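For the protein sequence lines, the chains are A and B, in the order given. For reference, each letter of the first sequence is one residue, going 12 to 190 in my numbering. For reference, each letter of the second sequence is one residue, going 11 to 194 in my numbering.
Certain hints may be false.
In silico EDC-like pairs for lysine to aspartate or glutamate, Cα to Cα no more than 16 Å straight-line [stated by the list, open to error]: (1) B:162 to A:29; (2) B:40 to B:15; (3) B:184 to A:20.
Some, not all, of what chain B presents toward chain A, calculated at C-beta under 7 Å [said to hold, decoys possible]: (4) 11; (5) 16; (6) 35; (7) 42; (8) 70; (9) 161; (10) 180.
Think of the hints as simulated: they come from the structure by calculation, not from any bench. As the structure is a computational prediction, the values presented were derived from the model and not from experiment. The beta-carbon is built from N, C-alpha and C at its ideal position, and this holds for glycine as well.
As a plain string of letters, each chain reads:
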Amino acid sequence: MNGCENRIEAIERWLDGELSGAEAESLRVHVTACAECAETQRRLEKIQRTLQGALRAEAQQLEFQRFWRAVQIRINEKRPWHREALERLRSAFPASRAAWAVPAVIALLLAAISLESYLPFWRGAGRNSFATVESIDAYGRNVALLREYDTKTTVIWLYQDQEGENEAAEETAPSGPAF
Amino acid sequence: MERTDLELVQQCQAGEMSAFQELVSRYHQKVYMVILGLLRNREDALEVAQETFFRAYRKINGFQGGSSFYTWLYRIAVNLSIDTQRRQKRNPLDFRETMDGVFESQNEVARDPFADVHDKELREKLNRAINELTPEHKAVIVLRTIEGLSYKDIGEILGCSEGTVMSRLHYARKKLQDKLSAFL
Chain A
12 MNGCENRIEA IERWLDGELS GAEAESLRVH VTACAECAET QRRLEKIQRT
62 LQGALRAEAQ QLEFQRFWRA VQIRINEKRP WHREALERLR SAFPASRAAW
112 AVPAVIALLL AAISLESYLP FWRGAGRNSF ATVESIDAYG RNVALLREYD
162 TKTTVIWLYQ DQEGENEAAE ETAPSGPAF
Chain B
11 MERTDLELVQ QCQAGEMSAF QELVSRYHQK VYMVILGLLR NREDALEVAQ
61 ETFFRAYRKI NGFQGGSSFY TWLYRIAVNL SIDTQRRQKR NPLDFRETMD
111 GVFESQNEVA RDPFADVHDK ELREKLNRAI NELTPEHKAV IVLRTIEGLS
161 YKDIGEILGC SEGTVMSRLH YARKKLQDKL SAFL
């Protein structure tokens, strides 16, 4: 090691065209003389080339006229009102703006399962109350509440769906090279 | 003389459908490529790409020109892709079947059979490694690598700072290099 680990980010910014002229030139000179940094550059460029090649080849097969006809059909199609409303809601409240939804849903659920304290006739069959809302913001964040009346305990779970991709990818990984 | 994106948008806002058709013609492959990079599934990518242009058409009257048209369009595409990815629990086998054609089509032009096998393995490993990234990390890699967008543009599209873009890119690249160390 030549102590160049801390140059990796700079090399990335250089390859991304994010360094100023003087910084870029200084780094270029260093990379030319440093085998470790030259190797970092080569690896980064190989990843970029491989990904670009695969996706560009795929996109070039996309036929415009067929694509345009499909877009036109969507434009001219009359969608049901509830679908329109849901789409508008989703685009108006992306994940970053929907953070308020989490405490709001918790408060609503707490209010719902606390009704028993104020309305005796509301008492249900069980001594415990459980409420759950899945995907409160369409981004996989879920809330579940459990109210246990004997001990007057309320448990709140806030959890996010797992992608489940890592495990699945491991399971489907081929056992060896495909020679 | 070729009309600029902004001119086409203004003509589209005035009700000229052919201007929107021209915008679709300019960007359909790029948008599809970005979405395919995120979703790794042809059918889903095509569906989301068509929906992206439909949403763009519906919202185009609200486009003020504060950002460039393509960052605005990519923002719609990336949000829809991330939304789709999180709502659909796709079986990874679907992805592998649909992406195999990409490897085969590239292999046809390879000359060295050993390089051919090596490159095919690299592409497969790369696809799998990208698939294991979070949607946010996938998005920065795809927007930077495929489209060559600046950190500023990527930040505008994803609604985060340039510093966040830089750190996500660094993290994603490190992950990819770790996973692909034997193939690079």
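Here is what the structure says about each hint:
1. B:162 to A:29: holds (10 Å)
2. B:40 to B:15: holds (15 Å)
3. B:184 to A:20: holds (10 Å)
4. 11: At about 22 Å, which exceeds the 7 Å cut-off, the nearest Cβ of chain A leaves the hint on residue 11 (chain B) violated.
5. 16: Because about 21 Å separates residue 16 (chain B) from the closest Cβ in chain A, which is outside the 7 Å limit, the hint is violated.
6. 35: Holds, because the Cβ-Cβ distance from residue 35 (chain B) to chain A comes to roughly 6 Å (cut-off 7 Å).
7. 42: Check passed: Cβ of residue 42 (chain B) comes within 5 Å of chain A, closer than 7 Å.
8. 70: violated (11 Å)
9. 161: Constraint on residue 161 (chain B) satisfied, holds at 6 Å.
10. 180: holds (5 Å)
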